[in-house]
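A.B. asks: Guided by the hints, dock chain R onto chain Y, whose structure is given.
Note that the protein sequences, when read in sequence, are chains Y and R. For the first sequence, the positions run 1 to 111 when the working numbering is used. For the second sequence, the positions run 112 to 219 when the working numbering is used.
Worth flagging that the hints you see were computed from the coordinates, not collected in a lab. Computed from a predicted model, the values in this text were never measured in an experiment. Hints may be right or wrong, so weigh each one.
List of simulated lysine-lysine pairs, DSBU-like, C-alpha gap at most 30 Å [unchecked claim]:
| no. | chain 1 | residue 1 | chain 2 | residue 2 |
| --- | --- | --- | --- | --- |
| 1 | Y | 11 | R | 153 |
| 2 | Y | 70 | R | 153 |
| 3 | R | 181 | Y | 57 |
| 4 | R | 113 | R | 181 |
| 5 | R | 153 | Y | 57 |
| 6 | Y | 57 | R | 113 |
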Amino acid sequence: DAGITQSPRHKVTETGTPVTLRCHQTENHRYMYWYRQDPGHGLRLIHYSYGVKDTDKGEVSDGYSVSRSKTEDFLLTLESATSSQTSVYFCAIGGTGLEQYFGPGTRLTVT
Amino acid sequence: QKEVEQDPGPLSVPEGAIVSLNCTYSNSAFQYFMWYRQYSRKGPELLMYTYSSGNKEDGRFTAQVDKSSKYISLFIRDSQPSDSATYLCASTSNQFYFGTGTSLTVIP
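Pulled out of the complex, with its shape left as it was, chain Y reads as follows (with noise of 0.2 Å):
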């Protein structure tokens, strides 16, 4: 998985309980992306980061934060989980150019 390691892999949290999840890189990419998958809208964009304190919101970024204080490292948080949240998690990294790699994904389910 290109260097890329997501925690935790599986998570089942209460909702209203704050979660973050963890993206990690070993391949000094600049890019850094957290997408959610669901059946019937496939991968959508929450967050991004182009660099060390630098994000941007994507399509779906309401009830999600992220943080990214060091390059290898891409934070998503969830402070207050939702049933609507429960999904695929996925980290994608990238360079300036349009190739994505995206990490193993971590299956979080909201009760």
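C.D. replies: Just chain R now, kept in the frame of chain Y:
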């Protein structure tokens, strides 16, 4: 209306068949078009990308873009059981937009 629309299938073909996967898009500003393959419970992997209109071939795979009709296609020749996966089309302007994916099964 989604930026990129894709028929979810599922599509089932015999080994050796030619497979045609299709998407449409709505944003005239899209210039780059990508195809990803995703195996079950794995992250997507980039198969190939094309710029603007025309064809691009890579082994058994051919990507085709028709900007006049906003139509994106991926053709797989001599399909193999190992091609069984979900195929995602995508495009980008200032960010990436993906189709919902088409599930393909190639039967030996």
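A.B. asks: Indicate, hint by hint, whether the structure satisfies it.
C.D. replies: Hint check results:
The suggested pairing of residue 11 of chain Y with residue 153 of chain R holds, with an alpha-carbon distance near 17 Å, which does not exceed 30 Å. Distance check on the hinted pair: residue 70 of chain Y and residue 153 of chain R sit about 26 Å apart at the alpha-carbon level, within 30 Å; holds. With a C-alpha separation of about 26 Å, the suggested pairing of residue 181 of chain R with residue 57 of chain Y holds against the 30 Å cut-off. With a C-alpha separation of about 13 Å, the suggested pairing of residue 113 of chain R with residue 181 of chain R holds against the 30 Å cut-off.
Among the hinted pairs, residue 153 of chain R with residue 57 of chain Y is consistent with the structure: their alpha-carbon atoms are about 25 Å apart, no more than 30 Å. Restraint check for residue 57 of chain Y and residue 113 of chain R: the C-alpha separation of about 18 Å stays at or below 30 Å, so the hint holds.
In this structure, every one of the numbered hints holds.
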